[in-house]
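Trainee: Sequence:
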Amino acid sequence: MTAVLETPPNANPEATVRYPSWAARAGALAIDVLPAVAVITTMALLAITTPQWGPLWWVFTVTAVLAFLAMVVNRWVLPPLTGWSLGRAVFGIRIVTGGDVPAGTARLVLRDVAHLLDTISLFIGWLWPLWDAKKRTFADLLLRTEARLVGAPGAGVRRRAGVACLVAALLCVAGGGLGYQFEYRQERAVETARDQIAEQGPRIVEQMLSYGAATMKEDFARSQALTTDAYRPQLVAQQQVVEKGQATSNEYWATNSAVLSASQNQGALLVALQGQRGTDPKALKFISATVRVDFDKLDGQWRVANLTVLKKPGMDEAGG
1 MTAVLETPPN ANPEATVRYP SWAARAGALA IDVLPAVAVI TTMALLAITT
51 PQWGPLWWVF TVTAVLAFLA MVVNRWVLPP LTGWSLGRAV FGIRIVTGGD
101 VPAGTARLVL RDVAHLLDTI SLFIGWLWPL WDAKKRTFAD LLLRTEARLV
151 GAPGAGVRRR AGVACLVAAL LCVAGGGLGY QFEYRQERAV ETARDQIAEQ
201 GPRIVEQMLS YGAATMKEDF ARSQALTTDA YRPQLVAQQQ VVEKGQATSN
251 EYWATNSAVL SASQNQGALL VALQGQRGTD PKALKFISAT VRVDFDKLDG
301 QWRVANLTVL KKPGMDEAGG
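So the sequence shown is numbered by UniProt numbering: it starts at 1 and just counts up by one.
Because the hints were derived from the structure by calculation, they are not lab data.
Small disclaimer: the values here were computed from a predicted structure and weren't measured.
Glycine included, C-beta positions come from ideal geometry on N, C-alpha and C.
Don't take each hint at face value.
Now the in silico label distances, taken between C-beta atoms and shown as ranges [unchecked claim]:
no.	residue 1	residue 2	range
1	Gln264	Ile48	29 to 39 Å
2	Val242	Arg185	42 to 52 Å
3	Gly300	Ile120	49 to 59 Å
4	Thr41	Arg144	29 to 39 Å
5	Gln264	Arg292	52 to 62 Å
6	Thr97	Gly176	40 to 50 Å
7	Pro233	Ala272	18 to 28 Å
8	Arg203	Thr49	31 to 41 Å
The list that follows gives simulated cross-link-like pairs (lysine-lysine, DSS-like), each with its CA atoms no further than 27 Å apart [to be verified]:
no.	residue 1	residue 2
9	Lys244	Lys312
10	Lys282	Lys217
11	Lys285	Lys244
12	Lys312	Lys285
13	Lys297	Lys311
14	Lys244	Lys311
15	Lys244	Lys217
16	Lys297	Lys217
17	Lys217	Lys134
18	Lys244	Lys297
19	Lys285	Lys311
20	Lys282	Lys312
21	Lys312	Lys217
From just these sequences and the hints, can you work out the full model?
Mentor: This is the structure:
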């Protein structure tokens, strides 16, 4: 009679090794990477559309940095300490080296860098586990690592993964909301600035250029108050030339105008002017000119930052 001996359960260690499916590995990678990538991408795009070094820019930038750090800790720091990243815990996957030893931080970092080889090979490296006996990617082959199926670490893992994904989604939505509100306020501010320049600009130009012979000093002082500190010396020099000449009243009024550009605190206006020089009805000279006026908003008030004459004043004497 021939005796049949039972094979001990651990006689062949390889027979007890289980490898995760390609879909499970893809799911683990998605949970580990995609939430952080979504937050980082969203915040980077929003930061580009906001003024650099402004409050919102800092909010978006810091959030993106924190998302990146969270991904780094999850992928590279937690596995050596706990044996798992969040995504791998959901699917019961552990990255090990020879002898079933959990991979350390340095090897995990190099493994993720080596995934570039999986990508630049027209993604063949990512698909290699579909037919490799040990389900390895090119990065695994290079770093001598394996993904083993060892079972989930305990209850609550899926809930924590869901919370992480939800937080990432809320951050993206909140960031998008802040970005929209900022853009909306910016658009409203530009529309308001355009309306103010269109309404106030022509009146400011009339007041700055008009003066009376008897009230010249007061009128010139009023004109200087309508300009920025940078442009005021140029206006004062022009006024001094007028004061040295024969005192003559000048009155201008805007006949047409168009806003060339507008932002929250700056704008440009094209103004067509008509006017008259002198006070004697028999010696009046009628004036026409076209000017471009640049405005800056200072302390809530629009000030003339520059005035360029595009069409020099032409004069016609009144007929008697």
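Trainee: If a hint holds in the structure, say so; if it doesn't, say that too.
Mentor: Results for each hint:
1. Separated by about 19 Å at the C-beta atoms, Gln264 and Ile48 break the suggested range of 29 to 39 Å.
2. As the Cβ distance of Val242 to Arg185 is approximately 43 Å, the hint placing it in 42 to 52 Å holds.
3. Between Gly300 and Ile120 the C-beta distance comes to about 57 Å, which sits within the given range of 49 to 59 Å.
4. Hint check: Thr41 to Arg144, Cβ distance near 33 Å, so the stated range 29 to 39 Å holds.
5. At roughly 20 Å, the beta-carbon separation of Gln264 and Arg292 lies outside the given 52 to 62 Å, and the hint is violated.
6. Separation of Thr97 from Gly176 is about 42 Å and conforms to the stated range, judged on CB atoms against 40 to 50 Å.
7. Distance hint check for Pro233 and Ala272: the Cβ-Cβ separation is about 27 Å, which falls inside the suggested range of 18 to 28 Å.
8. Taking 31 to 41 Å as the suggested C-beta distance range, the pair Arg203 and Thr49 conforms, at roughly 35 Å.
9. This hinted pair checks out: Lys244 and Lys312 have alpha carbons roughly 21 Å apart, not beyond 27 Å.
10. Of the supplied pair hints, the one linking Lys282 and Lys217 holds, its CA atoms being roughly 26 Å apart against a limit of 27 Å.
11. Under the criterion of a C-alpha separation no larger than 27 Å, the hint pairing Lys285 with Lys244 is consistent with the structure, at around 20 Å.
12. This hinted pair checks out: Lys312 and Lys285 have alpha carbons roughly 15 Å apart, not beyond 27 Å.
13. A distance of roughly 26 Å separates the Cα atoms of Lys297 and Lys311; the hinted pair therefore holds under the 27 Å criterion.
14. For the hint pairing Lys244 with Lys311, the CA-to-CA distance comes to about 25 Å; that is within 27 Å, so the pair holds.
15. This hinted pair checks out: Lys244 and Lys217 have alpha carbons roughly 12 Å apart, not beyond 27 Å.
16. About 25 Å separates the Cα atoms of Lys297 and Lys217, which keeps this hinted pair within 27 Å; it holds.
17. Proposed proximity of Lys217 and Lys134 is contradicted: the alpha carbons are some 93 Å apart, above 27 Å.
18. Among the hinted pairs, Lys244 with Lys297 is inconsistent with the structure: their alpha-carbon atoms are about 32 Å apart, more than 27 Å.
19. With a C-alpha separation of about 17 Å, the suggested pair Lys285 and Lys311 falls inside the 27 Å cut-off, and the hint holds.
20. Using a Cα cut-off of 27 Å, the hinted pair Lys282 and Lys312 holds, with the two alpha carbons roughly 24 Å apart.
21. For the given pair, Lys312 sits about 24 Å from Lys217 by alpha-carbon distance, which is consistent with the 27 Å threshold.
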